[in-house]
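Trainee: Since the structure of chain A is provided, determine the placement of chain B on it from the hints.
2 protein chains.
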Amino acid sequence: MISWKNLDTLTSYKTLCALKNKVDLARAMAGEEGAARVAGYHAPMAAGLTYYYAAKQVDEDILGALQALADEAQLSGKYAALYEGEVINTGEKRLVLHQLTRGQLGGTVTADGVDKRAFYVSQQEKVADFARKVHAGEITNAAGEKFTTVVQIGIGGSDLGPRAMYLALENWAKQNGCFHMDAKFISNVDPDDAASVLKGTDVAHALFVLVSKSGTTLETLTNEAFVKDALRGQGLDPARHMVAVTSETSPLAKSSDYLAAFFMDDYIGGRYSSTSCVGGAVLSLAFGPEVFARFLNGAAEEDALAKSPDIRQNAAMLDALIGVYERNVQGYPSTAVLPYSQALSRFPAHLQQLDMESNGKSVNRFGEAVNYVTGPVIFGEPGTNGQHSFYQLLHQGTDIVPLQFVGFRKNQAGMDVDIQGSTSQQKLGANVAAQILAFACGKQDANPNKSFAGGRPSSIIIGEQLTPEALGALLAHFENKVMFQGFVWNLNSFDQEGVQLGKVLAKRVLAHETDGALKAFSELLGI
Amino acid sequence: MISWKNLDTLTSYKTLCALKNKVDLARAMAGEEGAARVAGYHAPMAAGLTYYYAAKQVDEDILGALQALADEAQLSGKYAALYEGEVINTGEKRLVLHQLTRGQLGGTVTADGVDKRAFYVSQQEKVADFARKVHAGEITNAAGEKFTTVVQIGIGGSDLGPRAMYLALENWAKQNGCFHMDAKFISNVDPDDAASVLKGTDVAHALFVLVSKSGTTLETLTNEAFVKDALRGQGLDPARHMVAVTSETSPLAKSSDYLAAFFMDDYIGGRYSSTSCVGGAVLSLAFGPEVFARFLNGAAEEDALAKSPDIRQNAAMLDALIGVYERNVQGYPSTAVLPYSQALSRFPAHLQQLDMESNGKSVNRFGEAVNYVTGPVIFGEPGTNGQHSFYQLLHQGTDIVPLQFVGFRKNQAGMDVDIQGSTSQQKLGANVAAQILAFACGKQDANPNKSFAGGRPSSIIIGEQLTPEALGALLAHFENKVMFQGFVWNLNSFDQEGVQLGKVLAKRVLAHETDGALKAFSELLGI
Chain A
1 MISWKNLDTL
11 TSYKTLCALK
21 NKVDLARAMA
31 GEEGAARVAG
41 YHAPMAAGLT
51 YYYAAKQVDE
61 DILGALQALA
71 DEAQLSGKYA
81 ALYEGEVINT
91 GEKRLVLHQL
101 TRGQLGGTVT
111 ADGVDKRAFY
121 VSQQEKVADF
131 ARKVHAGEIT
141 NAAGEKFTTV
151 VQIGIGGSDL
161 GPRAMYLALE
171 NWAKQNGCFH
181 MDAKFISNVD
191 PDDAASVLKG
201 TDVAHALFVL
211 VSKSGTTLET
221 LTNEAFVKDA
231 LRGQGLDPAR
241 HMVAVTSETS
251 PLAKSSDYLA
261 AFFMDDYIGG
271 RYSSTSCVGG
281 AVLSLAFGPE
291 VFARFLNGAA
301 EEDALAKSPD
311 IRQNAAMLDA
321 LIGVYERNVQ
331 GYPSTAVLPY
341 SQALSRFPAH
351 LQQLDMESNG
361 KSVNRFGEAV
371 NYVTGPVIFG
381 EPGTNGQHSF
391 YQLLHQGTDI
401 VPLQFVGFRK
411 NQAGMDVDIQ
421 GSTSQQKLGA
431 NVAAQILAFA
441 CGKQDANPNK
451 SFAGGRPSSI
461 IIGEQLTPEA
471 LGALLAHFEN
481 KVMFQGFVWN
491 LNSFDQEGVQ
501 LGKVLAKRVL
511 AHETDGALKA
521 FSELLGI
Chain B
1 MISWKNLDTL
11 TSYKTLCALK
21 NKVDLARAMA
31 GEEGAARVAG
41 YHAPMAAGLT
51 YYYAAKQVDE
61 DILGALQALA
71 DEAQLSGKYA
81 ALYEGEVINT
91 GEKRLVLHQL
101 TRGQLGGTVT
111 ADGVDKRAFY
121 VSQQEKVADF
131 ARKVHAGEIT
141 NAAGEKFTTV
151 VQIGIGGSDL
161 GPRAMYLALE
171 NWAKQNGCFH
181 MDAKFISNVD
191 PDDAASVLKG
201 TDVAHALFVL
211 VSKSGTTLET
221 LTNEAFVKDA
231 LRGQGLDPAR
241 HMVAVTSETS
251 PLAKSSDYLA
261 AFFMDDYIGG
271 RYSSTSCVGG
281 AVLSLAFGPE
291 VFARFLNGAA
301 EEDALAKSPD
311 IRQNAAMLDA
321 LIGVYERNVQ
331 GYPSTAVLPY
341 SQALSRFPAH
351 LQQLDMESNG
361 KSVNRFGEAV
371 NYVTGPVIFG
381 EPGTNGQHSF
391 YQLLHQGTDI
401 VPLQFVGFRK
411 NQAGMDVDIQ
421 GSTSQQKLGA
431 NVAAQILAFA
441 CGKQDANPNK
451 SFAGGRPSSI
461 IIGEQLTPEA
471 LGALLAHFEN
481 KVMFQGFVWN
491 LNSFDQEGVQ
501 LGKVLAKRVL
511 AHETDGALKA
521 FSELLGI
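Residue numbers (my numbering), protein chains in the order written: chain A, 1 to 527; chain B, 1 to 527.
So that you can see chain A by itself, here it is in the shape it has in the complex (with noise of 0.2 Å):
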């Protein structure tokens, strides 16, 4: 029997809270017993992936504490609870089905009359018999002529995971005769943003993708007319370049507007979108459906791996357990993601959405106060770039920062140089490795301005190279870790009330109904 209790109430985490800085890390990192933490302290992710928590501040105590917060949270069982269909969207009161989107983890699951899982599949299969038509020049435009730039029309999670995606793959796809199309995307309702992606791009041969669920997004529908106006200012008539992911019920869907429609649902957030067509259409559309179904499998093996109860097999458990010791109990405010990979650009900017939407909450999952902190602040930029920037405060600085790096033995795009006796990709993995011991272990010099205090916590993802497999896995990863520490926070990871108001307030002062401050700042700018 599943039951939801707030964090402060778990024994497990009075236990936890007992062994606040028990671990002196620089110490635990050094010389022999460092290796031995290496070799000891990792878990097995998919598609080649292991997440290694060596230079995390844990030791046997602290993962006995972990593994007994993980049972009394019930943890697995709330995981099961989801995806066997439960409504854990109890704010919104929905089911919550993204895992679904990439692979079967439990039973049938019926809503609406439907088998959830055979609607994702299906539409699947529509984007990809949709992408493969395109790429033989079976859909073209009025001209007859093959589409050559898909552009994404979207924000937020019809944005940030979808590009992270595409920017991820792109080399790879390249290098492995697989890259169909272009891409391209429009987000902000800047309508220099709008209008910047317009002049890069030849639009009598671009596919648009038009992506809200609701079909009322307020960006998504300005950006919208904004193409149009583009389109028929050539000459070109729009419901020829156009197609839509949408919700069945939704204005869009049903419209001739369109070449073609794809359906998600309200199971599936915005946020862990990119499985569903919100990712699927533009991925497929660009490097063809093959290496779309190829990064699910990725994120199905990772998702059957976050099953396992023992949290030394679970890394997305661990992972999330872990952070919670460095939020709740060490009181660290924030965390940095570092890929040491420069596809994965935009990741950490897909994360920042991921996390801070899920778990950036003070009220649990019954709408009642909670008395802890819960998710922190997501920030980062690839490795090694984000060190010649703000590496100086991760190292020196007063406060702690946990870091989680992500790195690759190869490299996607297969060309290197070799300088000084050493390849660019050899530096990168170096550098990587040298961070974290330079973190964990700090080092003493006479000098106190150049004296480096140590005990900075990190993790780091290590694979072979970024693959689609690898790439879907990653994704998975994350998503179920946030989720595993909503589930300790008790809250509800899956909405998102912090959006409304500003929506509400802007509405008020483009329709000039405002007084004192909003008023007066609305004038300032002009509107």
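Worth flagging that the hints you see were computed from the coordinates, not collected in a lab.
If you're wondering where the values come from, they're calculated on a predicted model, not measured in any experiment.
Keep in mind that a hint or two might mislead.
[What the hints assert, rightly or not] In the DSS-like style, the derived pairs of lysine-lysine whose C-alpha atoms are separated by at most 25 Å in a straight line are:
| id | chain 1 | residue 1 | chain 2 | residue 2 |
| --- | --- | --- | --- | --- |
| 1 | B | K174 | A | K184 |
| 2 | A | K410 | A | K116 |
| 3 | B | K184 | A | K184 |
| 4 | A | K93 | B | K450 |
| 5 | B | K133 | B | K184 |
| 6 | A | K450 | B | K507 |
| 7 | A | K450 | A | K174 |
| 8 | A | K184 | A | K126 |
| 9 | B | K199 | A | K146 |
| 10 | A | K410 | A | K450 |
Mentor: For chain B alone, coordinates are given in the frame of chain A:
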């Protein structure tokens, strides 16, 4: 007489600490009191910008205490010492002269027997002359054809600032008939970065700007070799396609490997170098030297405003002091930068380096540990995108994150669309106005999940349009803010010893001189 003292030794700081939580922001920003605050609480900036702090947690008492702190910490005197050429960067025993690249704030500054202002101007003129010849087709590739693209090779300050400035003005330049060349950037040692940029570049018509002050930056030299390989692979002579930006004493300075060399020096830190030829070469080639000069003018005008000892007339100083109040008195660990302008998409990444690398330190300028927190974590994305991402946590998370908004009345590209009775630009402005009030005042609801506590402080810089002058003013504002905060915290904001240890360890990995955990991680990463 200037005296450098730790913040916690200042009498005015104790006064300020006693004013913790004094302002009830939700109440202060409501109704006519809120409108009065907007009317009264603003400070002038250059290029028609204004800094509004009505929605910060300040009142007359707190502003009085901040003024006392500014006076006791001798902020104006320390700024004067800096621009008059004292050795402000004590750790590295260097002057700090980036302001001289854009104007003469005080007397003549002589170093190494040279009038430094004259030196920087001479380098700008060299850059301007070179750029004009490239644009005129007087400097061409070996086939006598014009260069069409400029590619900057650099990392950290040689990348983030120039890249952010380029993106900020790209649309404006296209709209205003001064767009000469596309600019691209290669930074990461990940070979996929260079491979990806080169794949999309017509290298036969590309001019590469190699930027490294020391001439020894590992990433940059590696990427130089990568680019030279690519040029030779197409039968091109690299020396006909490359210029260097470096110091006069670097190995790159007198090399025949470059078409030209432009000089900076040790008195300008990388993160402060956008207005030196580090930014000047690429921006002058992309947009013309006249646009770069306008950018410098905006910065110079803003620098001059920063001389005022009156915090209500000195936006940078006031912004800095409010930040200290938020960090040290209110205890907020991070700050978000949220420009409502897609053109500023990478401006937060630049500020992240500028701020976190300058003030992410635990020792004062004499190398003694400080007993208070210093630089916060800085992160941000453009609005309205962020609204559909991490704003959930900003509105309803358990930690308060102070916010810095930026907004303009006009867009850059001059294209817009009217939907539902308003333009995109109006929607953009309405959203930022709405957010300020939503954060400040919140909203009570019978359902706690739909309640907003408010009390979340923000400032906004508002301008007419993001022009070169406005961008220069914006950049200088934040540079000066960071400088003033460093003065208050008694830090040396101009060194970065925290980046050294990682470099040393990475070299050890590449030389296979490691043991323990470092060796173990190196092997896992394939080195």
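Trainee: Hint numbers the structure violates, sorted upward?
Mentor: 2, 7 and 10
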